[in-house]
Amino acid sequence: MNIGNRIRELRIAKGMKISDLAEAVGIDSANISRLETGKQKSFTEQSLTKFAEALGVSVAHLFTPSENTITVYKNSNVSSSTGEEKTVFRVDILDVNASAGGGFIQGSDVIDVIRSIEYNNERAIAMFGGRTPDSVKVINVRGDSMAETIEPGDLLFVDVSVNSFDGDGIYVFGFDDKIYVKRLQMIPDQMLVISDNPKYREWTIDKSNEHRFYVFGKVMISQSQSFKRHG
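So in our numbering, the last one in the sequence shown is 242, and the numbering has no gaps at all.
Take these hints with a grain of salt, some might be off.
[What the hints assert, rightly or not] Simulated DEER-style distance windows between Cβ atoms:
hint, residue 1, residue 2, range
1, L203, E159, 30 to 40 Å
2, E64, P209, 52 to 62 Å
3, G140, S69, 35 to 45 Å
4, T143, L203, 55 to 65 Å
[As the list claims (entries may be wrong)] Result set (EDC-like, lysine to aspartate or glutamate): computed pairs, CA atoms no more than 16 Å apart in a straight line:
hint, residue 1, residue 2
5, K61, D31
6, K61, D39
7, K28, D39
8, K218, D200
9, K218, D187
10, K210, E159
11, K218, E162
12, K189, E221
13, K210, D155
14, K210, E162
15, K61, E34
16, K28, D106
These aren't lab readings, by the way, just hints derived from the structure by calculation.
We put the beta carbon where it would ideally sit given N, CA and C, even for glycine.
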């Protein structure tokens, strides 16, 4: 199993932020983020002991699949046992914004979970197909360059298992130190970066600047958070 995922599960179940765990273990928050996302996979016996102590479990428990434990999730009304857990598809809302505009500068490489949305399996299949909960994340949108397709403040459900161009569509991607949500379209020798709002000009990614470009995921669904006053 992916021990980074397991550490993340235990951290969230305990109501700890990444910074809390980093302080308890004695390493910086960026390292915790890399461990949990699988970018860093090496663990020493000493570091495993520190993680276990910080999370209040035994070292062996770090290698125990989550379905063998009882977990209470923060911001959730569900207290899950083995049978109940399998009926819940839990999607994390990340503390990150993507710009539908000039680019949002992410202040840190540490991305934490704000809360989660839970669906029953039937609803999850209708919304996300055969994707797993780990591959679906929710982020927020700033800016109006994708209006009227995506409005400022909308929630985006992103397939984070897509880490390269996977056909024309709307993507969350990085360019330099900025995070964008834009429509990408491949044409010969270059990729168009398109804003659905005609007030914004399109731009291109080609061999000269592709090293500055990286894909975080492909947008599947957007959900409006707008309020309408009726009196």
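(request) For the pair supplied as a hint, K28 and D106, confirm whether the alpha-carbon distance does not exceed 16 Å. (result) Satisfied, since the Cα-Cα distance of roughly 11 Å is no more than 16 Å.
(message) For a C-alpha distance cap of 16 Å, please report whether K61 and E34 respect it.
(response) holds (11 Å)
(message) Need the status of pair K210, D155: alpha-carbon distance at most 16 Å?
(response) Cα-Cα ~10 Å, so holds.
(message) Against the 16 Å threshold, does the CA-CA distance of K210 and E162 hold or violate the hint?
(response) Within the cut-off at roughly 14 Å; holds.
(message) K218 and D187 were given as a pair; does the straight-line alpha-carbon distance stay at or below 16 Å?
(response) holds (15 Å)
(message) Can you confirm whether the C-alpha distance between K61 and D39 stays at or below 16 Å?
(response) holds (14 Å)
(request) Please work out if K189 and E221 have their alpha carbons no farther apart than 16 Å. (result) holds (14 Å)
(request) For the pair we were handed, K218 and E162, check the Cα-Cα distance against 16 Å. (result) violated (31 Å)
(message) Just to be sure I understand the hint, the distance between the Cβ atoms of E64 and P209 should be within 52 to 62 Å; is that true here?
(response) Given a distance of about 57 Å, which is inside 52 to 62 Å, the answer is holds.
(message) Holds or violated: K210 and E159, Cα atoms, limit 16 Å.
(response) At roughly 12 Å apart (the allowed maximum being 16 Å), E159 and K210 satisfy the hint.
(message) Quick check on a hinted range of 55 to 65 Å for T143 and L203, using CB atoms only.
(response) Since T143 and L203 have Cβ atoms about 31 Å apart, the given range 55 to 65 Å is violated.
(message) For a C-alpha distance cap of 16 Å, please report whether K61 and D31 respect it.
(response) holds (13 Å)
When held up to the earlier numbered hints, the structure conflicts with 1, 4, 11 and fits the remainder.
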